[in-house]
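*Asks:* Listed here are the chains, written in short residue letters.
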Amino acid sequence: DAKTTQPNSMESNEEEPVHLPCNHSTISGTDYIHWYRQLPSQGPEYVIHGLTSNVNNRMASLAIAEDRKSSTLILHRATLRDAAVYYCMLGGGGGSNYKLTFGKGTLLTVNP
Amino acid sequence: EAGVAQSPRYKIIEKRQSVAFWCNPISGHATLYWYQQILGQGPKLLIQFQNNGVVDDSQLPKDRFSAERLKGVDSTLKIQPAKLEDSAVYLCASSLVWGGGDEQFFGPGTRLTVL
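Sequences listed follow chains G and E, in order.
One point on numbering: in my numbering, the residue at position 104 of the first sequence is 104, and numbering is uninterrupted.
Remember, my numbering sits 112 above the position in the second sequence when you count from 1.
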């Protein structure tokens with residue numbers, strides 16, 4: 001199964017951009033790349049996902065490497081409410097090989 | 113729009129006892145997922161349903177865990193008998209379609225403590 005690797009923790013200052021990396025060197029051609037975040041005692045919350053092209057939404061941007069073996073979640077201006085554990089997840093594979101794999105997550109600390 | 117509902121929110125049992133968790137997904141969502149999240153780790157997919165059919169249960173410990181989604185709507189996850197290592201948060205999620213390219217909506221989870 002394809003796996004993801006993320007740094008255990010990262011720190012940022014409020015109103016500065018944050019780049020959260022994820023390595024997924026064994027990704028298959030049909031795997032989507034998803035990002036979720038989780039606050040304490042809550043279920044994960046969807047942030048963004050993509051397949052091959054970079055993606056933007058109101059919350060963040062997702063930059064996908066050309067070979068798709070890594071991706072970066074970009075928070076353009078971190079706020080205190082962005083402090084959470086961020087998970088990179090691969091979903092897909094198609095047919096009987098369909099798998100969903102979460103990484104161990106990156107704890108993001110945002111300093112005021 | 114109502115979110116994914118789960119109950120109970122907390123459960124404490126002794127090892128070898130049985131326990132069941134209930135999940136009601138967002139209306140109209142065909143795909144339902146059960147995850148196990150051990151403290152300090154990412155969620156681990158246990159089983160996923162497409163309507164009332166199982167798509168993937170490869171990581172479900174079938175000797176003690178079972179799950180059903182009889183009418184393609186709500187679902188129940190059961191553990192019988194429970195072990196100490198089953199202590200975790202059990203998360204239910206749903207998505208509109210199946211195939212890996214859709215957003216999952218998660219419920220608040222059920223925190224299970226096995227003594």
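In short, the hints are calculated from the structure, not lab data.
From a predicted model like this one, the values you see are computed outputs, not experimental measurements.
A hint or two may mislead.
[Stated by the list, open to error] Stretch by stretch, here's where chain E covers chain G in the computed footprint (C-beta under 8 Å, at least three residues): (1) 70 to 83; (2) 101 to 110.
[Stated by the list, open to error] Cβ-to-Cβ under 8 Å is the rule here; a few derived chain E residues that face chain G: (3) Ala114; (4) Pro120; (5) Gly219.
Where a beta carbon is used, it is the ideal one built from N, C-alpha and C, also for glycine.
*Asks:* If a hint holds in the structure, say so; if it doesn't, say that too.
*Replies:* Quick rundown of the hints versus the structure:
Only residues whose beta carbon comes within less than 8 Å of a beta carbon in chain E count, and the region 70 to 83 of chain G has 0; fewer than three means the coverage is violated. Figure legend: the region 101 to 110 of chain G, annotated as covered by chain E; annotation consistent (5 residues with Cβ-Cβ distances under 8 Å, at least 3 required). Below 8 Å, beta-carbon pairs count as interface contacts, and Ala114/E has none with chain G, the closest being about 14 Å; its hint is therefore violated. For Pro120/E, the interface hint is violated, the least distance from its beta-carbon to any beta-carbon of chain G being 14 Å, above 8 Å.
For Gly219/E, the interface hint holds, since its Cβ comes within 8 Å of a Cβ in chain G; the closest pair sits about 5 Å apart.
In terms of the numbered hints stated before, the structure departs from hints 1, 3, 4, listed from lowest to highest.
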